[in-house]
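**Student:** Position chain F against the provided structure of chain U, taking the given hints into account.
Heads up: the protein sequence lines correspond to chains U and F, in order.
Heads up: the first sequence runs through residues 18 to 241, numbered per our numbering.
Heads up: the second sequence runs through residues 222 to 490, numbered per our numbering.
Worth double-checking, as some hints may not be accurate.
[Stated by the list, open to error] Which stretches of chain U does chain F cover? Using the computed rule of at least three CB atoms under 8 Å from a CB of chain F, they are:
{"hint": "1", "stretch": "132-146"}
{"hint": "2", "stretch": "151-162"}
[As the list claims (entries may be wrong)] Derived pair list, reagent style DSS-like, types lysine-lysine, alpha-carbon separation capped at 27 Å:
{"hint": "3", "chain 1": "F", "residue 1": "322", "chain 2": "U", "residue 2": "54"}
{"hint": "4", "chain 1": "U", "residue 1": "235", "chain 2": "F", "residue 2": "338"}
{"hint": "5", "chain 1": "U", "residue 1": "145", "chain 2": "F", "residue 2": "388"}
{"hint": "6", "chain 1": "U", "residue 1": "143", "chain 2": "F", "residue 2": "322"}
{"hint": "7", "chain 1": "F", "residue 1": "241", "chain 2": "U", "residue 2": "56"}
{"hint": "8", "chain 1": "F", "residue 1": "448", "chain 2": "U", "residue 2": "145"}
{"hint": "9", "chain 1": "F", "residue 1": "361", "chain 2": "U", "residue 2": "143"}
{"hint": "10", "chain 1": "U", "residue 1": "143", "chain 2": "F", "residue 2": "448"}
{"hint": "11", "chain 1": "F", "residue 1": "323", "chain 2": "U", "residue 2": "151"}
{"hint": "12", "chain 1": "U", "residue 1": "143", "chain 2": "F", "residue 2": "274"}
{"hint": "13", "chain 1": "U", "residue 1": "151", "chain 2": "U", "residue 2": "233"}
{"hint": "14", "chain 1": "U", "residue 1": "143", "chain 2": "F", "residue 2": "425"}
{"hint": "15", "chain 1": "F", "residue 1": "293", "chain 2": "U", "residue 2": "145"}
[What the hints assert, rightly or not] Sample of chain F residues facing chain U (criterion: CB under 10 Å; computed from the structure):
{"hint": "16", "residue": "237"}
{"hint": "17", "residue": "238"}
{"hint": "18", "residue": "267"}
{"hint": "19", "residue": "270"}
{"hint": "20", "residue": "271"}
{"hint": "21", "residue": "305"}
{"hint": "22", "residue": "306"}
{"hint": "23", "residue": "317"}
{"hint": "24", "residue": "354"}
{"hint": "25", "residue": "360"}
{"hint": "26", "residue": "381"}
{"hint": "27", "residue": "451"}
What the hints contain is simulated information worked out from the structure, not anything from laboratory work.
C-beta atoms are modelled at their ideal positions from N, C-alpha and C, and glycine is treated no differently.
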Amino acid sequence: MDFTPFWISFKLAGLTTLILFIVALPLAWWLSQTRSKSKPFFEALTALPIVLPPSVLGFYLLVVLSPNSAVGGWVEDVFGVKLVFSFMGLVVASCFYSLPFMVQPLQNGFESLNRHMLEASYLAGKSKVQTVLKVALPNIKPSLITALIITFAHTVGEFGVVLMVGGSIPDETKVASVAIYEMVETMEYGQAHIYAGIMVVMSFLVLLAVYLFNHKQKTKIGIV
Amino acid sequence: MIQIDIEKSLHGAEGLMDLKVNLKIKKGEFVVLMGESGAGKTTLLRVLAGLEKAKGDVVVEGISWQRVAVQKREIGFVFQDYALFENMSVEENLLFVKNDKKLASELLEITALSTLKGRNVMGLSGGQKQRVALCRAIMKNPKLLLMDEPLSALDNQMKYKLQTEIKVLHERFDMTTIMVSHDLESVFTLASRVLVLDKGIIVKDGSVQEVLKQEKQTYSVKVLSVKIENANNIATYSLLGKLLENEVDSTVKVGDSIEISLSSRLISR
Numbered sequence: 018m019d020f021t022p023f024w025i026s027f028k029l030a031g032l033t034t035l036i037l038f039i040v041a042l043p044l045a046w047w048l049s050q051t052r053s054k055s056k057p058f059f060e061a062l063t064a065l066p067i068v069l070p071p072s073v074l075g076f077y078l079l080v081v082l083s084p085n086s087a088v089g090g091w092v093e094d095v096f097g098v099k100l101v102f103s104f105m106g107l108v109v110a111s112c113f114y115s116l117p118f119m120v121q122p123l124q125n126g127f128e129s130l131n132r133h134m135l136e137a138s139y140l141a142g143k144s145k146v147q148t149v150l151k152v153a154l155p156n157i158k159p160s161l162i163t164a165l166i167i168t169f170a171h172t173v174g175e176f177g178v179v180l181m182v183g184g185s186i187p188d189e190t191k192v193a194s195v196a197i198y199e200m201v202e203t204m205e206y207g208q209a210h211i212y213a214g215i216m217v218v219m220s221f222l223v224l225l226a227v228y229l230f231n232h233k234q235k236t237k238i239g240i241v
Numbered sequence: 222m223i224q225i226d227i228e229k230s231l232h233g234a235e236g237l238m239d240l241k242v243n244l245k246i247k248k249g250e251f252v253v254l255m256g257e258s259g260a261g262k263t264t265l266l267r268v269l270a271g272l273e274k275a276k277g278d279v280v281v282e283g284i285s286w287q288r289v290a291v292q293k294r295e296i297g298f299v300f301q302d303y304a305l306f307e308n309m310s311v312e313e314n315l316l317f318v319k320n321d322k323k324l325a326s327e328l329l330e331i332t333a334l335s336t337l338k339g340r341n342v343m344g345l346s347g348g349q350k351q352r353v354a355l356c357r358a359i360m361k362n363p364k365l366l367l368m369d370e371p372l373s374a375l376d377n378q379m380k381y382k383l384q385t386e387i388k389v390l391h392e393r394f395d396m397t398t399i400m401v402s403h404d405l406e407s408v409f410t411l412a413s414r415v416l417v418l419d420k421g422i423i424v425k426d427g428s429v430q431e432v433l434k435q436e437k438q439t440y441s442v443k444v445l446s447v448k449i450e451n452a453n454n455i456a457t458y459s460l461l462g463k464l465l466e467n468e469v470d471s472t473v474k475v476g477d478s479i480e481i482s483l484s485s486r487l488i489s490r
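Chain U extracted, bound-state conformation:
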């Protein structure tokens, strides 16, 4: 049995989580601290992938990333990288699709922090970057773990966007969820059962790990 689609799914999810953590951290911090009137606008924009049908997001990404568009054409000319029907294209699309799953838990975590604790760090002479890394992040561990794991799990489970942007190229863009879809279409139910079963068990274990960790943290600080 070929498990390459699982490997591609995990590689995609790992890369997406890493890139999104780096990109979403400053965005989540800014959203948590700003008093700007533009905050709701950016919050709505960030949350858009949650409510948009994956086909809508997939369609626009396909249009924007296509070599015929300004963005897709420029990336292909400068970096020689194709952004549609390629693994790199899947990574870019996944970053848009999973953005709210990284930003929202981090933002909620930062907003729950005692503002005076952050000010105490500034008064101790620490910059904003030092304060985020040494004070804020270590004090929002449950939110941080939730953000990382849910982003990873959500990317592993995505289907519509990857199918539209990446297609189903074996060993390149054919991820586990797309493989299951094809197995069902070709009536290979036995294989589909194995793939789907693995996905169910893994998704459950991931969520269990998040809830166990968060419960342990709450017990530690005496909430439960």
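**Tutor:** Just chain F now, with coordinates in the frame of chain U:
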């Protein structure tokens, strides 16, 4: 010498008001800042620390802090709610400010926290947390120590202990200090100068004796409860954020307004 000349609009107890403070504080002075809630006390401390912006300037030993960022100001700040770094131990909270183990050790010794230095701050009592916050504020060797009601959340025994430690630390490190407090006991023990802020303006400024013993300083307060003790009527009322008791006439009832003079309270001490 610290020269403060600031102006800021803020929402006070009775709506929008202007905080206008112009004063000079000598090096090493221990100033207690008093006043009703919403008078602008905390905002004044936050402006001095650089946590809030205001018009005007703060000049410390000849250097303007107008454009100095909060990180660069030589300020120690003790928050009412401690604001400790919850992911760190007692000692790590101090060393985060400045990696000076000798100073941290000395401060923990003075505040009797040495045995708890490795413990996470979340496991400490309120009094212990406030002492860690005090030590942390001093780690920077600040030119100005600001304390926002550090005693208000503590019981009487702990209040007395912390008050004594504040006094020892103030004398040891010779820091100019401004402490917001409603606690008359701490005013007598610690203050070399008392300021009373009312609706953003300093209305009293002088030594403890000058400010609190002025005959005219009376407050109109509502009686919260009346009890009889040794055939005397004792009324409980709230003054400057503190519940106090005074002997009153037998006709006084709950809800009545009575005039209380701080000087009479001083005399009765």
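**Student:** State for each hint whether it applies.
**Tutor:** Results of checking the hints against the structure:
1. Coverage of the stretch 132-146 of chain U by chain F holds [criterion: at least 3 residues with CB-CB distance below 8 Å; count 11].
2. Interface restraint, the stretch 151-162 of chain U with chain F: holds (4 residues with C-beta to C-beta distance below 8 Å; minimum three).
3. At roughly 45 Å between alpha-carbon atoms, residue 322 of chain F and residue 54 of chain U are farther apart than 27 Å, so this suggested pair is violated.
4. The straight-line distance between the Cα atoms of residue 235 of chain U and residue 338 of chain F is roughly 24 Å, inside the 27 Å bound, and the hint therefore holds.
5. A C-alpha spacing of about 33 Å is found between residue 145 of chain U and residue 388 of chain F, which places the hinted pair above 27 Å, so the restraint is violated.
6. Distance check on the hinted pair: residue 143 of chain U and residue 322 of chain F sit about 18 Å apart at the alpha-carbon level, within 27 Å; holds.
7. Under the criterion of a C-alpha separation no larger than 27 Å, the hint pairing residue 241 of chain F with residue 56 of chain U is inconsistent with the structure, at around 32 Å.
8. Distance restraint check for residue 448 of chain F and residue 145 of chain U: the Cα-Cα separation of roughly 55 Å exceeds the 27 Å cut-off, and the hinted pair is therefore not satisfied.
9. As the CA atoms of residue 361 of chain F and residue 143 of chain U are separated by approximately 12 Å, the hinted pair is consistent with the 27 Å bound.
10. Restraint check: the Cα-Cα separation between residue 143 of chain U and residue 448 of chain F comes to about 53 Å, which exceeds 27 Å; the hinted pair is violated.
11. The suggested pairing of residue 323 of chain F with residue 151 of chain U holds, with an alpha-carbon distance near 23 Å, which does not exceed 27 Å.
12. Among the hinted pairs, residue 143 of chain U with residue 274 of chain F is consistent with the structure: their alpha-carbon atoms are about 19 Å apart, no more than 27 Å.
13. At roughly 21 Å between alpha-carbon atoms, residue 151 of chain U and residue 233 of chain U fall within 27 Å of each other, so this suggested pair holds.
14. Only pairs whose Cα atoms come within 27 Å are accepted, and residue 143 of chain U paired with residue 425 of chain F is rejected, the gap being roughly 37 Å.
15. Among the hinted pairs, residue 293 of chain F with residue 145 of chain U is consistent with the structure: their alpha-carbon atoms are about 13 Å apart, no more than 27 Å.
16. Interface restraint check: residue 237 of chain F against chain U, minimum CB-CB distance 18 Å, threshold 10 Å, status violated.
17. Here the hint on residue 238 of chain F is broken, as its CB sits about 21 Å from the closest CB of chain U, past 10 Å.
18. Taken as an interface hint, residue 267 of chain F checks out: its beta carbon lies about 9 Å from the nearest beta carbon of chain U, inside 10 Å.
19. Checking residue 270 of chain F against chain U by beta carbon gives a least distance of about 6 Å; that is within 10 Å, so the hint holds.
20. For residue 271 of chain F, the shortest C-beta to C-beta distance to chain U is roughly 8 Å, which falls under 10 Å, so the interface hint holds.
21. Against a cut-off of 10 Å between C-beta atoms, the interface hint on residue 305 of chain F holds, since the closest Cβ of chain U lies about 7 Å away.
22. Proximity of residue 306 of chain F to chain U holds as hinted, the smallest CB-CB distance being about 6 Å (cut-off 10 Å).
23. At about 6 Å, the closest approach between the beta carbon of residue 317 of chain F and any beta carbon in chain U falls short of 10 Å, and the interface hint on this residue holds.
24. Evaluation of the residue 354 of chain F hint against chain U yields a held restraint, the C-beta minimum of about 8 Å falling below 10 Å.
25. The criterion of a C-beta within 10 Å of any C-beta in chain U is met by residue 360 of chain F, whose closest approach is roughly 8 Å, and the hint holds.
26. The beta carbon of residue 381 of chain F comes no nearer than 25 Å to any beta carbon in chain U, farther than 10 Å, and the hint placing it at the interface is violated.
27. Hint status for residue 451 of chain F relative to chain U: violated, with the closest Cβ pair at about 45 Å, above 10 Å.
Of the numbered hints stated above, those contradicted by the structure are hints 3, 5, 7, 8, 10, 14, 16, 17, 26 and 27, listed in ascending order.
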